[in-house]
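Here the protein sequences come in this chain order: Z and R.
For the record, in the first sequence the residue sitting at position 80 is 958 according to the working numbering, with numbers rising by one throughout.
For the record, in the second sequence the residue sitting at position 34 is 912 according to the working numbering, with numbers rising by one throughout.
Check each hint, because a few of them may be wrong.
[As the list claims (entries may be wrong)] Computed cross-link-like contacts, EDC-like style, restricted to lysine to aspartate or glutamate with a CA-CA straight-line distance of at most 20 Å:
| id | chain 1 | residue 1 | chain 2 | residue 2 |
| --- | --- | --- | --- | --- |
| 1 | Z | K928 | R | D884 |
| 2 | R | K928 | Z | E993 |
| 3 | R | K1003 | R | D884 |
| 4 | Z | K956 | R | E993 |
| 5 | R | K896 | Z | D900 |
| 6 | R | K896 | Z | E901 |
| 7 | Z | K928 | Z | E993 |
| 8 | R | K1003 | Z | E993 |
For the record, the hints were derived by calculation from the structure and aren't laboratory data.
Treat the numbers as computed from the prediction; the structure is a model and nothing was measured.
There are 2 protein chains.
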Amino acid sequence: MNGIVDEPEDFITLTEDKLLADEVSALVISPSCGAVSLFIGTTRNNFDGKKVKHLEYEAYAPMAKVEIKKICTNIRLKWPSVRHIAIHHRLGTVPISEASVIVAISSPHRAESLEAVQYGINALKATVPIWKKEVYEEEYSWKENKECFWAKTIK
Amino acid sequence: MNGIVDEPEDFITLTEDKLLADEVSALVISPSCGAVSLFIGTTRNNFDGKKVKHLEYEAYAPMAKVEIKKICTNIRLKWPSVRHIAIHHRLGTVPISEASVIVAISSPHRAESLEAVQYGINALKATVPIWKKEVYEEEYSWKENKECFWAKTIK
């Protein structure tokens, strides 16, 4: 394709830097693909009626990356035409309206990237051990992800 | 929410300028939303086995905008918690790997924005009269969108 080798790649990053949609989508855009789908998770200013000041994320990075890699493998099994996958998660403080996670996936046609992004963010929430601290205006509390499979086992 | 009025808004743009994911997502990000989903349609370097050089898009802008606005209205009926919707379509020449269309939607929780983006791009392909010229390396041909409802009636 245009003489460019464009082998499928997974881009997995955990970073304290700000996440940018154009940077992450640029990783997955491919000359042989007509579709890029993205999901961006942003810090919401409220939770359970409380005003959130910001979120703080912590992870044991090697373990989190292994779990994210498993999601990429599963996506490729389910949607073999998917070309590139980028899953970037921010760690540390994430202010209101800024992105904590971006999932970006390219495919030749749109259905595959749309379905794969939906699967990818749901799987990430359910399986990747990244902890979220909600800092409220007057207090704070550490939260396991309520959707995560280990949420019910670690008490 | 943080003293900011954040009424739902639809951002509909047809432009000859390059489309940028961060610019379009910035329009829909909301302090009271935790999710932004995007679909980016990019120019693919091949079609039916032919090498594509670039695409050219043309539209009768007022009619195209009316049809896009109808899609926004339908999204709000189907997913009332959707906050902002941005649908930007590029016109004129769109080189390989550049975006011809970006659909970006925010919602407090992720399921709604993910489903609404999928609906939005499918509806856009099916109902919005924007014509695509595929310029191949050795020739070119004007194509109606094969998914479009009027594709079978205009001959």
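Results of checking the hints against the structure:
At roughly 18 Å between alpha-carbon atoms, K928(Z) and D884(R) fall within 20 Å of each other, so this suggested pair holds. Between K928(R) and E993(Z) the alpha-carbon distance is near 27 Å, which puts this suggested pair outside the 20 Å criterion. Restraint check: the Cα-Cα separation between K1003(R) and D884(R) comes to about 29 Å, which exceeds 20 Å; the hinted pair is violated. The hinted pair formed by K956(Z) and E993(R) meets the criterion: a straight-line CA distance of about 19 Å does not exceed 20 Å.
With a C-alpha separation of about 12 Å, the suggested pairing of K896(R) with D900(Z) holds against the 20 Å cut-off. At most 20 Å may separate the alpha-carbon atoms for a hinted pair to count; K896(R) and E901(Z) meet this at roughly 15 Å. Distance check on the hinted pair: K928(Z) and E993(Z) sit about 33 Å apart at the alpha-carbon level, beyond 20 Å; violated. For a cut-off of 20 Å, the pair hint linking K1003(R) to E993(Z) stands: about 17 Å separates their Cα positions.
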